[in-house]
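There are 2 protein chains.
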Amino acid sequence: MPRISEKGKSMPASPIRKLVPYAEEAKRKGRKVYHLNIGQPDIHTPQVALDALKNMQEKVIVYSHSAGNESYRRKLAVYYQKLGINIDHTEIIVTAGGSEAVLFAFMSCMDPGDEVITPEPFYANYNGFATAAGVKIIPVTSKIEDDFALPPISEIEKKISRKTKGIMICNPNNPTGYLYTEDEIRQLREIILKHDLFLFSDEVYREFCYDGEKHFSAMHLEGVEDNVILLDSVSKRYSECGVRIGALITKNKDVLATALKFAQARLSPPGLGQIVAEASVDTPREYFDNVYNEYIARRDFMVEALNKMPGVYCPKPKGAFYSTVKLPVDDTDKFSQWLLEEFEYKNQTVMLAPASGFYSTPGLGRNEVRIAYVLNTDDLSKAMETLAEALKVYPGRTI
Amino acid sequence: MPRISEKGKSMPASPIRKLVPYAEEAKRKGRKVYHLNIGQPDIHTPQVALDALKNMQEKVIVYSHSAGNESYRRKLAVYYQKLGINIDHTEIIVTAGGSEAVLFAFMSCMDPGDEVITPEPFYANYNGFATAAGVKIIPVTSKIEDDFALPPISEIEKKISRKTKGIMICNPNNPTGYLYTEDEIRQLREIILKHDLFLFSDEVYREFCYDGEKHFSAMHLEGVEDNVILLDSVSKRYSECGVRIGALITKNKDVLATALKFAQARLSPPGLGQIVAEASVDTPREYFDNVYNEYIARRDFMVEALNKMPGVYCPKPKGAFYSTVKLPVDDTDKFSQWLLEEFEYKNQTVMLAPASGFYSTPGLGRNEVRIAYVLNTDDLSKAMETLAEALKVYPGRTI
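Protein sequence lines, in the order shown, are assigned to chains A and B.
One rule links them: number in our numbering = place in the first sequence (from 1) + 115.
One rule links them: number in our numbering = place in the second sequence (from 1) + 115.
Any given hint might turn out to be false.
Chain copies aren't distinguished; within one or between two, either way the pair holds.
Dumping the calculated DSSO-like pairs for lysine-lysine here, alpha-carbon to alpha-carbon at most 27 Å [unchecked claim]:
(1) K368 - K133
(2) K366 - K147
(3) K278 - K124
(4) K368 - K190
(5) K273 - K169
(6) K197 - K142
(7) K423 - K449
(8) K329 - K190
(9) K507 - K431
(10) K174 - K497
(11) K441 - K423
(12) K423 - K278
(13) K329 - K142
(14) K251 - K278
(15) K309 - K124
(16) K423 - K258
(17) K133 - K309
(18) K251 - K124
(19) K147 - K329
(20) K431 - K144
(21) K174 - K190
(22) K174 - K441
(23) K142 - K190
(24) K366 - K190
(25) K174 - K147
(26) K174 - K142
(27) K190 - K169
(28) K366 - K133
(29) K124 - K366
(30) K133 - K441
Derived by calculation from the structure, the hints in this document are not laboratory data.
Bound-form chain A, shown alone (with noise of 0.2 Å):
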């Protein structure tokens, strides 16, 4: 029997699947699992990107242009030009969710062997394309008591190589909510200059920035057009994560031409997932208006609760829709498989994110986890009282 790759033996599982058949079967007991887990929104997409589906007349579903639609493109250029994003549509390739972006920029600027830094927490999936591309994720470690802002430059630097080729951000950042301000972003751009390094900045939560914050893009950065390479998706900001459709974009040329060879490979993006994309640009500004508002609503809940448990800390998330959040429990992977395979309230119980996969030094994390409000807030509210009694039982209580 032929034997598997040392590549695929070193794909790092996602780190909420171990959980999955405790969940499973805590459901065929019978019990309600309020997901805190995962980062698919229940919010309806746009009625203007569904009717687009309805309303279309092709009879042959055919390929696209392998840097997508030309007509889905310009358009996609007029949102970023909105922006304050100075991009065209040549300077766009549309890429299979925000997944393939990252992977095609990885492999566009990185050989195996070569280093990227990154803060962690980090989203976990970066890892499995960082094993795809052969390369290094270096992680420097931002802090719950600083409430994961960007660590200090000098850190940053400390971790800086003959190996490292880039930076890669995530903003606001999944996992922890982290909004970055204009001014670390400014830090960012320094040191990218100074070591000639690759800005990798994954901006697909940008439409969720709360409290009067706004979001400054890696892209809005001047003198630094050949480094930054933007990785978006449309799966969050029109909540339509099945659609599968993400971007890569850079006033880079070279990796723009190299990106694109990728992209021909593979023939193109999807077509219906571009149709409903394309569409969904024309979203009307009410739809965000209410977005916003039941995201704030269930980001205050949330905060206020978890803050009122005893032993717990959760930062009030300036993004996003996570919050990497402090329990008092030995250990959180024990904490959330104990959730679903031991503990029920009012036969309901929750699943939690445990953080330290979303860490890459070892250790870290074990008192973290991260929590998805992507529930509504009756459904939220439950949810958080079941935490909050199962904190008061779990045996591995540190309080």
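Starting from the structure of chain A, add chain B where the hints point.
The following block gives chain B in isolation, referenced to the frame of chain A:
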């Protein structure tokens, strides 16, 4: 300015891309260009599939399971069972087109530096996936004199090294239209057993077998269940290339578990495409009969027209909708460019795919082109007339 990767530099560009600007220029001049160069059929997508989109009730387009919706995988398993392929839904990973299936298979089974042997000419994008995975494609030449039959097993065995991890075939073949016989597939069984290799079998043209010939799948082989990896796609089967739905199928549990980790990193395959693909499984028999009759008519017309032209040889393909054809010219790269740049007949010209891009042995295929018979017979007739006239006057003709 940071530099792109060596991997990116070595990514091959599509062999047809060089010709695209010339085709665009010809169209700008008002010339009708017949596209014999691409595998985009003009056949309608089944109505049942288009209706499924119109009838979609979902209000949120959510992520699917990373391996694909279970309902789709269950229907797909029944489709394969009817073909005598004994698999169940847990042995299927739904992918973003056949492209992603090839990439996942290469990355799951091979490490950088490993080798996979494949008959040449072969589908040019295998080169891109091989480069992405860091693996090397070792060609073994199939010959137009043999109508591109499987090269002798002794020739294949000569190519096996310490680094060889698998053999890859495309059956029916793109770019030759050759349909491998049961006997040839059984010969491959012996060699993969003897040398403990994977057999990657790309069968996306399975439904396109002519003259009463039956398709014999690599999955029909017995005793090599852990060696065989089936790569599939609905793109050609239902003329829905744009939905980007394919599948990796194997009974090898290690490969399945590994490919699933790559699938989980990118979250899910296209959701709307899965709705279309699932509905497509119910396409009535009559649809395929019509498609079959249409392609038979096109093929017979084209083969006869080509073989009437002095110095041209077109094998009669038993499958897919391509033929690799010998032309009496000095260099088909030059000829194809000349057709677009300098030639016109009744203000028409044709675009061909030079075969050099389908060979990896330097110098081969210089007097061959791939022709796709994806035009209706009216257009095909005009294209053939135009090509015949071109061959009479091309300055680099060899007869």
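Do the hints match the structure? See the list:
{"no.": "1", "hint": "K368 - K133", "in the structure": "between (42 Å within a copy, 18 Å between copies)"}
{"no.": "2", "hint": "K366 - K147", "in the structure": "neither (49 Å within a copy, 35 Å between copies)"}
{"no.": "3", "hint": "K278 - K124", "in the structure": "both (24 Å within a copy, 18 Å between copies)"}
{"no.": "4", "hint": "K368 - K190", "in the structure": "within (21 Å within a copy, 44 Å between copies)"}
{"no.": "5", "hint": "K273 - K169", "in the structure": "neither (54 Å within a copy, 56 Å between copies)"}
{"no.": "6", "hint": "K197 - K142", "in the structure": "neither (46 Å within a copy, 34 Å between copies)"}
{"no.": "7", "hint": "K423 - K449", "in the structure": "within (23 Å within a copy, 75 Å between copies)"}
{"no.": "8", "hint": "K329 - K190", "in the structure": "within (23 Å within a copy, 48 Å between copies)"}
{"no.": "9", "hint": "K507 - K431", "in the structure": "within (23 Å within a copy, 76 Å between copies)"}
{"no.": "10", "hint": "K174 - K497", "in the structure": "between (48 Å within a copy, 24 Å between copies)"}
{"no.": "11", "hint": "K441 - K423", "in the structure": "within (13 Å within a copy, 78 Å between copies)"}
{"no.": "12", "hint": "K423 - K278", "in the structure": "neither (45 Å within a copy, 60 Å between copies)"}
{"no.": "13", "hint": "K329 - K142", "in the structure": "neither (41 Å within a copy, 46 Å between copies)"}
{"no.": "14", "hint": "K251 - K278", "in the structure": "both (9 Å within a copy, 25 Å between copies)"}
{"no.": "15", "hint": "K309 - K124", "in the structure": "between (37 Å within a copy, 25 Å between copies)"}
{"no.": "16", "hint": "K423 - K258", "in the structure": "within (21 Å within a copy, 76 Å between copies)"}
{"no.": "17", "hint": "K133 - K309", "in the structure": "neither (42 Å within a copy, 37 Å between copies)"}
{"no.": "18", "hint": "K251 - K124", "in the structure": "both (16 Å within a copy, 20 Å between copies)"}
{"no.": "19", "hint": "K147 - K329", "in the structure": "neither (38 Å within a copy, 51 Å between copies)"}
{"no.": "20", "hint": "K431 - K144", "in the structure": "neither (35 Å within a copy, 61 Å between copies)"}
{"no.": "21", "hint": "K174 - K190", "in the structure": "both (24 Å within a copy, 24 Å between copies)"}
{"no.": "22", "hint": "K174 - K441", "in the structure": "neither (54 Å within a copy, 34 Å between copies)"}
{"no.": "23", "hint": "K142 - K190", "in the structure": "between (44 Å within a copy, 25 Å between copies)"}
{"no.": "24", "hint": "K366 - K190", "in the structure": "within (17 Å within a copy, 44 Å between copies)"}
{"no.": "25", "hint": "K174 - K147", "in the structure": "between (44 Å within a copy, 23 Å between copies)"}
{"no.": "26", "hint": "K174 - K142", "in the structure": "between (42 Å within a copy, 24 Å between copies)"}
{"no.": "27", "hint": "K190 - K169", "in the structure": "both (20 Å within a copy, 24 Å between copies)"}
{"no.": "28", "hint": "K366 - K133", "in the structure": "between (40 Å within a copy, 23 Å between copies)"}
{"no.": "29", "hint": "K124 - K366", "in the structure": "between (36 Å within a copy, 18 Å between copies)"}
{"no.": "30", "hint": "K133 - K441", "in the structure": "within (21 Å within a copy, 56 Å between copies)"}
The structure shown violates the earlier hints numbered 2, 5, 6, 12, 13, 17, 19, 20, 22.
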